[in-house]
Amino acid sequence: SQQGEEDPQALSIQEGENATMNCSYKTSINNLQWYRQNSGRGLVHLILIRSNEREKHSGRLRVTLDTSKKSSSLLITASRAADTASYFCATPMMGSQGNLIFGKGTKLSVKP
Amino acid sequence: KAGVTQTPRYLIKTRGQQVTLSCSPISGHRSVSWYQQTPGQGLQFLFEYFSETQRNKGNFPGRFSGRQFSNSRSEMNVSTLELGDSALYLCASSTGQGGETQYFGPGTRLLVL
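Protein sequence lines, in the order shown, are assigned to chains A and B.
Here my numbering is used: the first residue of the first sequence is 2, the next is one more, and so on.
Here my numbering is used: the first residue of the second sequence is 8, the next is one more, and so on.
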């Protein structure tokens with residue numbers, strides 16, 4: 002069963018706008034990770050935020066984590082057409098090394 | 008460092024056949040995880056190998072198996088293929104410390120006819 006659930010399922014914006022994706026999860030976590038997948042390809046790791054962190058930045062990406070609400074958000078600022086992809090949140094399954102539990106993803110479309 | 012590589016990239020098989028997929032992890036990584044991705048079920052964990060031992064297994068039938076070699080390269084095998092096995096199979100490597108970032112290969116797209 003999926004641990005993380007992204008919202009919205011799909012998002013369409015214009016270049017230059019900001020894109021915000023949300024993720025909710027069910028159980029306690031050590032960290033939460035965000036990945037990007039371009040159409041039908043492998044996943045690329047974007048950012049990892051630990052359970053004792055509330056916010057993390059990487060370039061145009063900003064991730065927040067609220068463990069009390071079991072939720073995280075990914076903000077992409079000043080989006081570009083090249084950001085068009087699916088974005089997934091993932092959490093390591095406790096006691097099961099190498100096992101990341103993924104949400105169903107948000108499909109982001111950035112129009113030039 | 009070279010990234011994770013997977014071969015073959017595309018594969019077409021018929022029901023009842025078996026298939027072997029290969030994954031070469033990033034140099035120095037000892038953990039390899041395998042995932043199946045389908046439109047309906049999303050990304051699902053198959054199993055994870057570390058130092059030639061399967062440490063964890065997802066909820067898949069015994070037709071799905073794998074192994075890891077001493078150089079950390081891994082293979083997964085699916086026997087008696089079913090139509091529902093059509094999917095993108097992704098492998099990911101990591102140091103194996105647990106819960107850390109995984110680095111994914113480009114995937115093998117399997118189509119079962």
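I should point out that these hints are in silico values taken from the structure, not numbers from a laboratory.
Treat the numbers as computed from the prediction; the structure is a model and nothing was measured.
Ideal Cβ positions, reconstructed from N, Cα and C, are used throughout, including at glycine.
Errors might be hidden in some of the hints.
Derived pair list, reagent style BS3-like, types lysine-lysine, alpha-carbon separation capped at 27 Å [as the list claims (entries may be wrong)]:
#, chain 1, residue 1, chain 2, residue 2
1, A, Lys27, A, Lys112
2, A, Lys70, A, Lys112
3, A, Lys27, B, Lys8
4, B, Lys8, A, Lys105
5, A, Lys70, A, Lys108
6, A, Lys71, B, Lys8
7, A, Lys105, A, Lys27
8, B, Lys8, A, Lys57
9, A, Lys27, A, Lys57
Which chain B residues face chain A? A few, computed with CB under 7 Å, are given here [as the list claims (entries may be wrong)]:
#, residue
10, Arg37
11, Ser40
12, Gly112
From the derived model, a few chain A residues whose C-beta atoms are all more than 12 Å from chain B [said to hold, decoys possible]:
#, residue
13, Thr21
14, Asn32
15, Leu47
16, Thr78
17, Thr85
18, Ser97
19, Gly99
20, Asn100
21, Val111
Requested in this report: State the violated hints by number, sorted upward, taking the hints as numbered earlier in the document.
Outcome: 1, 2, 3, 4, 6, 10, 14, 15, 18, 19 and 20
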